[in-house]
Structures are given as C-alpha cells and as structure tokens.
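2 protein chains.
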Amino acid sequence: MYLENINSPEDVKRLSIENLNILADEIRHALLTKLSAHGGHIGPNLGMVEATIALHYVFNSPVDKIVYDVSHQSYAHKMLTGRKDAFLHAEEYDEVTGYTNPRESKHDFFTIGHTSTSVSLACGLAKARDLKGDRENIIAVIGDGSLSGGEAYEGLSNAGETGTNLIVVVNDNEMSIAENHGGLYQNLKALRDSDGQAPCNFFKSLGLDYIYVKNGNDITALIHAFTRVKNVSRPVVVHIHTLKGKGYTPAETYKERYHWGMPFNLETGQPLSDGGNTEDYCNLTGKFLLEQMQKDPTVVAISSGTPAVIGFNPERRQQAGKQFVDVGIAEEHAVALASGIAANGGRPVYGVYSTFIQRCYDQLSQDLCINRNPAVISVFLGGSAGMNDETHLGFFDIPLISNIPNIVYLAPTCKEEYFAMLEWGIKQTTHPVAVRVPGPVVIESGETFDSDYSELNRYKITCQGERVAIIALGNFYPLGESVRRKLQEATGVQATLINPRYITGLDKQMLEDLKANHQLVITLEDGVLDGGFGEKIARYYGDSEMKVKNYGLKKEFADRFVLEELLKENHLTDTQITNEIREIIDKKQD
Amino acid sequence: MYLENINSPEDVKRLSIENLNILADEIRHALLTKLSAHGGHIGPNLGMVEATIALHYVFNSPVDKIVYDVSHQSYAHKMLTGRKDAFLHAEEYDEVTGYTNPRESKHDFFTIGHTSTSVSLACGLAKARDLKGDRENIIAVIGDGSLSGGEAYEGLSNAGETGTNLIVVVNDNEMSIAENHGGLYQNLKALRDSDGQAPCNFFKSLGLDYIYVKNGNDITALIHAFTRVKNVSRPVVVHIHTLKGKGYTPAETYKERYHWGMPFNLETGQPLSDGGNTEDYCNLTGKFLLEQMQKDPTVVAISSGTPAVIGFNPERRQQAGKQFVDVGIAEEHAVALASGIAANGGRPVYGVYSTFIQRCYDQLSQDLCINRNPAVISVFLGGSAGMNDETHLGFFDIPLISNIPNIVYLAPTCKEEYFAMLEWGIKQTTHPVAVRVPGPVVIESGETFDSDYSELNRYKITCQGERVAIIALGNFYPLGESVRRKLQEATGVQATLINPRYITGLDKQMLEDLKANHQLVITLEDGVLDGGFGEKIARYYGDSEMKVKNYGLKKEFADRFVLEELLKENHLTDTQITNEIREIIDKKQD
Numbered sequence: 022m023y024l025e026n027i028n029s030p031e032d033v034k035r036l037s038i039e040n041l042n043i044l045a046d047e048i049r050h051a052l053l054t055k056l057s058a059h060g061g062h063i064g065p066n067l068g069m070v071e072a073t074i075a076l077h078y079v080f081n082s083p084v085d086k087i088v089y090d091v092s093h094q095s096y097a098h099k100m101l102t103g104r105k106d107a108f109l110h111a112e113e114y115d116e117v118t119g120y121t122n123p124r125e126s127k128h129d130f131f132t133i134g135h136t137s138t139s140v141s142l143a144c145g146l147a148k149a150r151d152l153k154g155d156r157e158n159i160i161a162v163i164g165d166g167s168l169s170g171g172e173a174y175e176g177l178s179n180a181g182e183t184g185t186n187l188i189v190v191v192n193d194n195e196m197s198i199a200e201n202h203g204g205l206y207q208n209l210k211a212l213r214d215s216d217g218q219a220p221c222n223f224f225k226s227l228g229l230d231y232i233y234v235k236n237g238n239d240i241t242a243l244i245h246a247f248t249r250v251k252n253v254s255r256p257v258v259v260h261i262h263t264l265k266g267k268g269y270t271p272a273e274t275y276k277e278r279y280h281w282g283m284p285f286n287l288e289t290g291q292p293l294s295d296g297g298n299t300e301d302y303c304n305l306t307g308k309f310l311l312e313q314m315q316k317d318p319t320v321v322a323i324s325s326g327t328p329a330v331i332g333f334n335p336e337r338r339q340q341a342g343k344q345f346v347d348v349g350i351a352e353e354h355a356v357a358l359a360s361g362i363a364a365n366g367g368r369p370v371y372g373v374y375s376t377f378i379q380r381c382y383d384q385l386s387q388d389l390c391i392n393r394n395p396a397v398i399s400v401f402l403g404g405s406a407g408m409n410d411e412t413h414l415g416f417f418d419i420p421l422i423s424n425i426p427n428i429v430y431l432a433p434t435c436k437e438e439y440f441a442m443l444e445w446g447i448k449q450t451t452h453p454v455a456v457r458v459p460g461p462v463v464i465e466s467g468e469t470f471d472s473d474y475s476e477l478n479r480y481k482i483t484c485q486g487e488r489v490a491i492i493a494l495g496n497f498y499p500l501g502e503s504v505r506r507k508l509q510e511a512t513g514v515q516a517t518l519i520n521p522r523y524i525t526g527l528d529k530q531m532l533e534d535l536k537a538n539h540q541l542v543i544t545l546e547d548g549v550l551d552g553g554f555g556e557k558i559a560r561y562y563g564d565s566e567m568k569v570k571n572y573g574l575k576k577e578f579a580d581r582f583v584l585e586e587l588l589k590e591n592h593l594t595d596t597q598i599t600n601e602i603r604e605i606i607d608k609k610q611d
Numbered sequence: 022m023y024l025e026n027i028n029s030p031e032d033v034k035r036l037s038i039e040n041l042n043i044l045a046d047e048i049r050h051a052l053l054t055k056l057s058a059h060g061g062h063i064g065p066n067l068g069m070v071e072a073t074i075a076l077h078y079v080f081n082s083p084v085d086k087i088v089y090d091v092s093h094q095s096y097a098h099k100m101l102t103g104r105k106d107a108f109l110h111a112e113e114y115d116e117v118t119g120y121t122n123p124r125e126s127k128h129d130f131f132t133i134g135h136t137s138t139s140v141s142l143a144c145g146l147a148k149a150r151d152l153k154g155d156r157e158n159i160i161a162v163i164g165d166g167s168l169s170g171g172e173a174y175e176g177l178s179n180a181g182e183t184g185t186n187l188i189v190v191v192n193d194n195e196m197s198i199a200e201n202h203g204g205l206y207q208n209l210k211a212l213r214d215s216d217g218q219a220p221c222n223f224f225k226s227l228g229l230d231y232i233y234v235k236n237g238n239d240i241t242a243l244i245h246a247f248t249r250v251k252n253v254s255r256p257v258v259v260h261i262h263t264l265k266g267k268g269y270t271p272a273e274t275y276k277e278r279y280h281w282g283m284p285f286n287l288e289t290g291q292p293l294s295d296g297g298n299t300e301d302y303c304n305l306t307g308k309f310l311l312e313q314m315q316k317d318p319t320v321v322a323i324s325s326g327t328p329a330v331i332g333f334n335p336e337r338r339q340q341a342g343k344q345f346v347d348v349g350i351a352e353e354h355a356v357a358l359a360s361g362i363a364a365n366g367g368r369p370v371y372g373v374y375s376t377f378i379q380r381c382y383d384q385l386s387q388d389l390c391i392n393r394n395p396a397v398i399s400v401f402l403g404g405s406a407g408m409n410d411e412t413h414l415g416f417f418d419i420p421l422i423s424n425i426p427n428i429v430y431l432a433p434t435c436k437e438e439y440f441a442m443l444e445w446g447i448k449q450t451t452h453p454v455a456v457r458v459p460g461p462v463v464i465e466s467g468e469t470f471d472s473d474y475s476e477l478n479r480y481k482i483t484c485q486g487e488r489v490a491i492i493a494l495g496n497f498y499p500l501g502e503s504v505r506r507k508l509q510e511a512t513g514v515q516a517t518l519i520n521p522r523y524i525t526g527l528d529k530q531m532l533e534d535l536k537a538n539h540q541l542v543i544t545l546e547d548g549v550l551d552g553g554f555g556e557k558i559a560r561y562y563g564d565s566e567m568k569v570k571n572y573g574l575k576k577e578f579a580d581r582f583v584l585e586e587l588l589k590e591n592h593l594t595d596t597q598i599t600n601e602i603r604e605i606i607d608k609k610q611d
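Line order of the protein sequences matches chains A and B.
Here my numbering runs 21 ahead of the position in the first sequence, where the first position is 1.
Here my numbering runs 21 ahead of the position in the second sequence, where the first position is 1.
The set of hints was computed from the structure by calculation and includes no laboratory data.
Note that the Cβ used here is the ideal one computed from N, Cα and C, for glycine as well.
One or more of the hints may lead you astray.
Stated by the list, open to error - Covered by chain B, according to a simulated footprint, are these stretches of chain A (three or more residues, beta-carbon under 8 Å):
id, region
1, 146-160
2, 165-174
3, 358-371
4, 423-434
5, 455-462
What the hints assert, rightly or not - So these bits of chain A aren't anywhere near chain B, every CB distance computed over 12 Å:
id, residue
6, Gly60
7, Asp115
8, His135
9, Ser178
10, Leu205
11, Thr270
12, Pro284
13, Asp383
14, Ala406
15, Thr412
16, Lys481
17, Glu556
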C-alpha cells in the first residue's frame, strides 16, 4: 500500500505515474471506507483525487500554497499532507475536521467552510508574496458550484488585474450541491464542449489566462497542465472537467444525494439509518409551501444552492415548476430577488440555513428592510443544536437579523406555531418577515396559535405566576417550561412563563406589568448573548428595581462541540438555571 | 423651455428628436445649476441625460419598470417623472432625495443607495411579473463601476438563466467613483474598441444577449437601441458608452473630483467652500499610512472603490505604488484579501465607510475572524454625524462588527488615540483589529495614549468620582465629559468618567469595582442601542443592585435628519442626559 507511506507531499513526488494511479485507487478506497462509516462530503472528494495527487506532485506545498474553496474537496489533500491516519484508522477518524485548518497542518492556510472565498484569500497570499519579494506559487481550487457566489467573481476579476502568479484550478464536475444555476453554467458547458476553445470565455473576460483539461481525472494530463502553469507570471485558470462521485457508481449516478451524506452501506449505497423516520422541518416546510403554491400562483420558494433545506427535493422542484427558484450559491441575489418579487406583488419565501443568512446582511438591510417589502425568510438550524463546525454555527442570526430596522423576526416554539407564523408572513403585505425555524427536532404541541401577528411585539404569558418571570425564546421555550417546573419543585415558587414570539421588539406593556409582582426576569435564547434578545430586556429594566439574568451562548467560534457539554459550559441546563435563580431570589430576600 | 412642461414621461414621448435634444440641454443646465448650488452627484448624472430621455421615450414607465443602480444617475429620471420642480426651483431643491424612492414617485420602485443591486431587484420584479402572467418590460440601469460588486454578478448570471424579458442597460462611462479596477474592465474596453463585436464578452458568457451603443449620448442611437430590445422575450444587455460629466468641461476633465461634490462655482469649477481648511481623518489617515509604508514594505492600504475615504488621492496612490490596492466596489473581496495578506505576513489596512462595512459580514466572520488573521480595518463615518440618508447611515457598525468573535473593535476618542490604536493594530500579529474613526470633526486632545492594546478589554478611568459612572464610547467621549461637568454644576455629584476603548468586550474587574461606590452606570454610544455596546453593560449588571441607563440611537432608518434634532429625539443632549441622571439618583435616594 502506497498511501500508508505517504507522510508528506515529498513522498508523492517519488512515485511513478503508474504508482500514482494505484495511490489514487487507495485514496478512493480509504475515502469510501471512512465516509460510509462516518459520513461526510462524498461526491466532491471522490472527483478530486487525481487532481489533488497531481497538485502535490507538481507543486511544493507548503512553500507553494493551495487554498481549497469551502474545503469540500480537501480530504485527499489531507491524506497527502501527513493526515492519512485520520482516514485509514477508524479510531482516528475524528482527528481531522471536515475543512482545511491551519491548526491541523502547515499545508492548510485558512479554516474555510463557506463557499466562494478561495480566490480572494489566494489573492491576499499572492499580494503579500509580491510585497515581500517572494516567488512561490499560489493556487486556489474552486468548484464550479462555488463560482455562483459573488465573492468568487470579485476575486476572479481582481485576480485578473493583478498581473502576477496566481493559479485558479476550477474543478468543474457539472454540479453544485444540486444542479448548477446561473447563466455562467452555459458558458462552462460551451467551454467543455469545445475542449476549452469557445471564444466567449467567462474567465478570459475577467482578464485571466486559461487552459482546459478535458479529463480532470487523468493524472498524466493533470500533471502536464499543472507543470505548464507552474511559476507563471500571470493569473491563469486551469479548468478541469472531473466526475463528481468518480469511482463509486451510486455517487456517480445520484450526484445530489451523494454530495454529502450520513453513514451508508458501501455495497448497496443505502443509508445505514433512516433518520428514525421522524418528521423534519425541511420536509414539512416543502410540503406546506407546495400547498400554498397551489392556492396562490404568486407564492414562490427560493433557495440559494441548498434546495433540500426548504424541502424541495427533485420531485417537489418539478411540481413547483416556475414557483421554485434555485439561484445557486448566491445568497445576496436571493434576498434582493425576494425583495423585488414582493415589490411587484409576488409572495416569496426564501429558505436558508442560519449560518448562510449572514452572507447577505447588506441585502437584508438595504434591498429588503429599507424598502419594507413583504418577503419571508425561513431561517433553518438557528441555535446550538444545528451544525457544530466552527464555520457553520447557527448562533449568530439573532444579532445579525434582529438589529436591522423594519424586519419582524419571529421565534416560534413548536411546529404548529411555526406554520401559523409562516402562513401569516406569506399573507401579510406590510413587513419583511423572518421566522426562526424551531428545530432541529419537531415538537408538536397540539395547541392552536394565533393566525395574525400584525400587532407587533406582543409577548404571550403562557403560565401566570409571580416573583420570577421566564422569557423563553423560540426553541428554548421547552427549556423554560422545564426550569419553571424544577423551580416549583425545589422552592414552591410558581414562575411566570412567557413566549415572547417577537425577537425584534419589546412588549413594553408586559415588561412594565411584570414589575408589580416579579423581582427577577430570566431570558433564555439559543444564540450568542452579545447583541441578542436578552440584552434588550436587560437594557429595558436597567434603571429599575427588576433583576435580569440573560441566558444564552458565549460569543465564540465553538468547534465540533458536544451539544450537552456546550450547554453546560454556558450554564444552560435546567438544573443550572434553576439553581442560579434560587441564588438570586434567596439573596434578594436577605 | 420644454422641461417646465414635462409632467410625466407621456410629455417626453410627444417631442420630436430635435426637441428632445433641446430638452437634454435644459436638463443638463438644470442639473448644473442645482448641483453647483446644492451639491450632489455630478458626473454620473450628466452622462445619463440622453439615455434617460430615450428610456422614457421608448418605454412606458411606470408600467414598464426602470430600476436605477445606486441611484447616482437617476436625477434626470426624476425630472422626467413629475419631479422637475425640485431641480428648477432653488426653494424646492430638498423636496427630492438623492436616490430613487417609491415614496416620492410611482416611477421609482426601490429606495437604493448601495451599489450593484439593480439587476437582482429587477430579476425580482420580472419574476413576479411572470408569475402573475403580466407582460411589462423590466429594465435595470447599472453603471460600469457597480459591475465590480458581487451582487451584480449574481444578478447577471441569474438573469442569464431566466429566459424572459429583462433589459440591463450598462452605462459605461469608463469610471467608477475613481478609475475602475478589476479584469472585467479590460473586457469592457475590448467591447468598446470592437464596437461591441469582441467574441469574448462578459455578458454573453453569463447567458445574456447583447447589443452595443457606441455613442451613449446620442438620443437617436439610444432610441433605436431601446426600441430594438423593447418587449424582447430574453434577457439582454444594452451596453452604452457615455461620457461621465458630459457637457461640463471641468467634470469631463476631472472625473473623480466631479463624481460627487459640494457646491461649486459653475464658471470656474472651484468649490465654494474650502471646507474651512480643517484637518480631516481621511487625509490624516492617508498621510499616516504612507509613512508606515515607507517604514515597512509589507504595509498595504486597501480601498473598495472609495480611495478618498482612506486619504488616497491620485498623488498618494502613485506614491504608494504596489502598497495601495483599490479592488473596485468589492467589499467582500477587500476583507478576504486583507485576511489573505495578513496570513502571509503582510500588514493590510482596509479603509471603509461604516455604511459599507455591512456589505461583508460573512467575510469578517469567516474569512477573517475564524482565522484570527491580523488585518486592520479603519471604519470611517461611524455614528450619527456621518451621512444622513437612510441608505448611508453609520449607526449599525457596532452591532455588526462587535458581536463577531475574535475581532478587537476599538473606539478612540480623539486624533492621538486613533493613531495610537491604528499603529498598534498594524504592529500586532494576534488579532483582527477594527478601529472606529472618531470623526467627523478632528479633535486633538494633546494627550498621550497607550501604544499597546494587547491586554484586551481594559477600560480607562479618566476622572475618578463616585455615585455615577459615565462610560462614554469613542466619539461620544466629549459628550461624557460634558455630562459630567453639567452634573457636577447642577448637583455637586462628581461622576466617574470612563473611556472604555474596547467595543468588543467588558472590563469585568472595573465594572465589578464600580459597585463599591457607584449606584448608576450611564453608557453613551453613537450607534443604535439594539445589539450595541451599552446593552452588554446592562446585561453584566442585570442581577446586581447597580442601575444602568444606556444612551444611543433608536433602531430605525432615519432619513435626511437634522443631526441636532435626531440627537434630541434620542435623548442625547448633555442637558437631557444630565436631567435624567438626576431623576434616577434622586429617586434612588428616596
């Protein structure tokens, strides 16, 4: 086995072409063995095996610097740069993250988890090199899907002006997570169809040189191409045509399903778990929106390259027809598009993960909120129980969205309330509305909720009590119920429990009324405390006798945390909160 | 005079070509008369006179819908759509905003002040049209400068896929605010040089049809082109070559200086005011950075299309050479570039207006802060005294930046402290650092400030007092001084005055110590209260006996406000604050 003896790129350079091909098979085998047992990004990594070998064969990492866009195709790179054991030995699988990471290896230059950033970051490395008078190669590796993001374009256009060494490897596997969207992809097709000769060339139009590699899974061809561009003195694109899922028939066939996956049976390709057959908010939302579309032809669902998040699998996309739009990985466009649709009388619903809504703050503010257009945004996986990589946290959407004027950001506590709020958002024509999907687990309360939320910032007292009021936001409402119960058991105190519903404003009347027979207000929110919901309550009561204690998450990029531990560290278990409430009210009585 | 009789686009359609040309002269005369007396966007509007006339001659606004990117070229449109009086009569000059605005006219569809958004917004209008089965033309008008922004690209690529009517008028005047930057502009040149025939065509590469109008200031040619594309069933770009500043020699000659300007002498072109010959932070920063560059060849200043903000006029740009980079209007790229430069040992300083830093939240978070790269960002015009259009507010940078982990956001109180902090930011290699430039007026305190800020979150007590502590952030520090003085005069209470310096963290030791002999903490910040600095102090003291009162701005898109009135409405005069402090401490004594 060659892979076992690869400890650095130097070891790759020593192999013959024939043995490099054997190495590719070994890498692919290791990838499939690990991914089928562990989950991860499947298709993009399988397609990039040969190119990664060729890159390390030709260039001298880490002096030459390779930046992998979004890192979804960086696993083979990890194997060749001293981290093979994390792919070969099951007990070491978790020794590496799913993303490039400078803390892991000197061959990684950035921690990257969002798309479309590699060219700009590489431009930075190149600029510093030029200022220092160094001469290494700087290489950005970017997938065709990532090209749909505006930052990639800004990077390419600026690279095109630089006039010094920068090599952009475009890994064109003809797919984003789902199929690609945008006029650009017709140009990539024209380039592929003409063996790179089409005179109209997106990359050349931005001032970059260009070469095409028809078989991007052929090590010899790749080595030849990379050798041609090594030490070039101008920015150049090497457009390589690869096969997503290469070498594993199910992944080659079902490219969208095998982009990323949970553990699966390597022989059959079937997932090992059916997810418990439980309901999930993505699927429920897709179903709900299709129903809305049937009632109203102006309802339109929007996704930015992740149609699954809003429940639009290929079947639903077909059913929705013109009423579903995937804009590619272009969150900025998605928000502006939604604003434009709403301005002209349509009813857009944009579904997006919490971690990606932060890619369009300015569009939320300028294109949407200044214009008060009634578009709706469903924010998925907001909170601590969503994704747990430092690059994909769902902690920050509350400070991001809720401090923008004019938007109404709602926090439903259960399935019934979510759909009541979503339906109101679609019907009303007065406000931009965002809804924080209360996942990840679907809780059915069986209760009926208001169908009208147009009287803004009216919180709801769900249990009237005294002394202590617990304002429990969105998916932390069940935590509030639990704290209330524990407090009563421990002290007899019957706390008031409040579902605030509105993240974006205070129910001043209710807060004022609480003063009469409460001494302590507790806020619970599943997001960073800094800039969040609870601090607004603390500000409100700042010059009064009311004590306030805010619970939420510390401002940090927590990485690959265990949820229970994170909650404990942040004093977010029901027992911790109950004990701290007791301390405060006991002290008060002294 | 024809212009006086133009009350709607219908009146334009009645004129002969000859008279349309006279109308163009009249519009240009009115523009120059108003702008020389009132200030505003000069060059872009002068160049677009003929195209605007032709648009309204050919299309049927408001059924056909025209969206003007960034609105800098929308003045002639305003004149032709019922708002001529605001250009003809000095007493009505302020009746219109500098931007398109649906509250002003049914011919405006969005309030727009940031660039690169028009194509995406127009895509939204078109999508709603298609869903409703309507058939009007949707037209986006975008300048060549605005094309450098990623959102414009996302919009174009998505438009290229739409397959229905969308007309993108690219107003190519060969300039952004300053000269254009990015490889794209070589392609625009190739298209101009080939009369639109160059086979490599950026717009076509994104799937759009394309026609070129060589003389974009020739009404007949423009009418011909727009007539050709009216009612097309596919997205098409009409690339028109116009002359920025057309018809006014100083503006044609000095395109950057006459992009936007304060009132000027129409005959000589000289500004009416020399700005009082006062120092300004832009100029001082440019001077300072040039000095740093001379000491260290890896120091590099970055601008995103507004080199003047960081003091890099054409002369300084030349002096800086490779150590100055203008990336075009590409804030996302600017931040990622800075991160990349810092990662490879360079010392980047990105200078940007507060209102535009919000265009790169995700890049701040992901490209920069997760990676903890020591790039420096100088944030200009943060606060209420910067720009006062609702699209250009400087109120939101504190919630935007300060709630991101790992960044150190500093708030200097005067010139000396600003440069001490900036210099430290450039020297240190541990943190991403942002500095909130304490303008707009330059205050010289004559004091010496720390040169080292590496021990984070250490606030400074500048006057030790008791009972009341005033934490006065950045450019509101003088307000804190004033409140302290007034309070002492009125009550004899000698308050403690604190310069917190760090926006991004609490000095918990100091806050704890204040409990010993203070009963009230006041926070002053020149930004929205929601998600801001003061709320963190309120949270800290929430469960203690300390009273807290936060002063700052209400969360709203205030528009064209008079600063004094805005401050008063927000209880931000020294008298108001002093009186409110008295109320609280008197009550406490009861």
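Per-stretch coverage check for the region 358-371 of chain A, three Cβ contacts closer than 8 Å to chain B: holds (count 11)
Chain B versus Pro284 (chain A) - minimum CB to CB distance exceeding 12 Å, so not interface: Fine: 27 Å to the nearest Cβ keeps Pro284 (chain A) off the interface.
Non-interface claim for Thr412 (chain A) versus chain B (Cβ beyond 12 Å): 6 Å, violated
Three or more residues of the region 165-174 of chain A near chain B by CB distance under 8 Å? Holds: 6 residues of the region 165-174 of chain A have a Cβ under 8 Å from chain B.
Should the label of Gly60 (chain A) as a non-interface residue stand, given a Cβ cut-off of 12 Å to chain B? 22 Å, holds
Is the claim that Leu205 (chain A) lies outside the interface with chain B correct, judged by CB distances over 12 Å? 5 Å, violated
Between the region 146-160 of chain A and chain B, see if three or more residues pass the 8 Å beta-carbon test, and mark the coverage as holds or violated. Answer holds; 8 residues pass the 8 Å Cβ test.
Should the label of Asp383 (chain A) as a non-interface residue stand, given a Cβ cut-off of 12 Å to chain B? Check fails; 4 Å does not lie beyond 12 Å.
Far enough from chain B: is every CB of that chain over 12 Å from the CB of Thr270 (chain A)? 30 Å, holds
Checking a non-interface call: every C-beta of chain B should be farther than 12 Å from the C-beta of Ala406 (chain A). Is that right? Its Cβ never comes within 12 Å of chain B, the nearest being 19 Å, so this holds.
Given as non-interface: His135 (chain A), partner chain B, CB spacing beyond 12 Å: Nearest chain B Cβ is 5 Å from His135 (chain A), so the label is violated.
Within the region 423-434 of chain A, is the number of residues with a Cβ closer than 8 Å to a Cβ of chain B three or more? holds (count 5)
Checked against the numbered hints listed earlier, the structure breaks hints 5, 8, 9, 10, 13, 15, 17; every other hint is satisfied.
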